[in-house]
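Sequences are here, hints too, so could you generate the full structure?
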Amino acid sequence: MKEQERGETENDQAMKLAPDEDLMLEVRNGAGETLGVLFDRYHAPLFSFYAKLTGDRTLSDDLVQEVFLRILKYRQSYEPGTPFRAWIYQIARNARVDHYRKTPRHITFEPEMVAPVMPKDSAQQSEETELLHRALMQMPEEKREILVLSRFQELRYDEIARLLGCELGTVKTRIHRAIQELRQNFKQLERGLAPREAGPAVVKNIPPRRFGNEV
Amino acid sequence: MKCEEIGELLPDYLQGSLKAEQDNLVEQHIAECGDCREEVAIWKKLSLLPVEQPSAGSRERFEAMLRAYQTGRNDKVTGVERSKRGSVWNWLHSPVGAVAWSAALLVIGIFAGNYFGNRTATRSNSGQDEIAAMHTELANMKQMVVLSMLQQQSASERLQAVSYSRREDQLDPQVMSALVHTLRYDGSVDVRLAALDALSRHGAQPQVHKGVVDALQEQQSPLVQVALIDLMLEWRDPDAAQRLRNFVQTPNLNPTVKQRADWALSKLN
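So the protein lines, in turn, are chains A and B. Quick note on numbering: this note's numbering labels position 150 of the first sequence as 150, and the sequence is numbered without any gaps. Quick note on numbering: this note's numbering labels position 161 of the second sequence as 161, and the sequence is numbered without any gaps.
Worth double-checking, as some hints may not be accurate.
Stated by the list, open to error - Coverage of chain B stretches by chain A, computed from C-beta distances (three or more under 8 Å per stretch; other residues unrestricted):
#1 2-13
#2 36-46
#3 49-58
#4 64-70
It should be emphasised that the hints constitute simulated quantities derived from the structure, not laboratory data. Only a predicted model underlies this, so the values are computations on that prediction, with no experimental measurement involved. Glycine is no exception: its CB is placed at the ideal position from the N, C-alpha and C atoms.
Rendered as structure tokens:
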């Protein structure tokens, strides 16, 4: 019995160190419980990705669950050698697009908005953070997404290019434009001028779903 | 160097992937150019934004999903067998079915316990206590059935829930308030009338009393209004006269209802 227990702990430790791709191959071969390790690694970053994109906690929680359900459902489509991070973000993006297809924004319930937690350093800094948060949320989702992916999810530009299905150069250009827009929004907010509302435009700005490599 | 050229380098600069030479170029430029400097600054400031944390129950939800998924997969193997008794099985898996099923098992347990208890003639006090506890648990189960059935979409199921609740002499406060809620807001007149009927036996409970009396002003259906007036008369509610006097002033009141209210007023005075 003890032997077995020790065996399990060693196995657990090995799993905790294993690369994502190896774990995903185990899941693919039927070891559903191994997905738990991947869940531990990815659910918080995915939640933050969705929260920054949608501003809606409940929806973000639901979408994270949806991603892992899809991984189980479509695990056979995971090709050995595919970088797992790219794959899971592809699923995450599709899950969001599909959600908005089924439930256009105007008929969803009042979202439980994500209130930015203020750092307690100084009043000035917290005001700045608040403005920055608003400036980010005012951007159309498509532009916000590229910033979130690169700045918060810390994806490399080549990973983003693969994910969005565009050239590396295009990613860099779009990031630069997004930074410029964020800065404009922020400056306008600082001056107390609300820039044009992003509100209803948001739905239109969801990037088209990429076909091929579909999960 | 122009801002445009720097702009091309900027994303790589921000990720720290420029060669030293180009890195210096950008540094020199942003030292002189306020606009580009602000772009770099706002990127850096983004790190001030908090990282949203998922809800506490996230992991449990995931595990439940995983279990359900794996059970579902195993079940597919025996799926043919199951499909024959699909409807019963589905019912047993519905929330109402699950509660009813547990209640049924408990009943069987209690009867079995009583039976064997009597047979072996070892009815100690602790055994009786156990039976009492089981009875309480059974009552709770029934209440859960009522509560969950009151949430159902179909009016006939809600009607059934109300009639179940009538079998109990004592009502759980939660069931009572659910019935009062049903009386006030249920979409079906039949269900509202049944709820009123069920509540009529519990007029001694202040919670029920108030709920029923308050419901008069909100009711739109003449049938329910008449039933409420009758019940208030029956209960000899101290406020009944005052409430009815207000009620008959309601504009566009159904003539029959008004007649009934006037009649009740005459009885009360």
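Within 8 Å of chain A (C-beta), three or more residues of the segment 64-70 of chain B:
holds (count 4)
Given coverage of the segment 49-58 of chain B by chain A, tested with a Cβ cutoff of 8 Å and a minimum of 3 residues:
holds (count 8)
- Task: Go check the segment 2-13 of chain B versus chain A for me, would you? Three or more residues, Cβ under 8 Å, otherwise it fails.
- Result: With 5 residues closer than 8 Å to chain A, the segment 2-13 of chain B meets the three-residue bar; holds.
Tell me whether the statement that chain A covers the segment 36-46 of chain B is true, taking a Cβ distance below 8 Å and needing three residues at minimum.
holds (count 6)
The structure meets every hint from the earlier list without exception.
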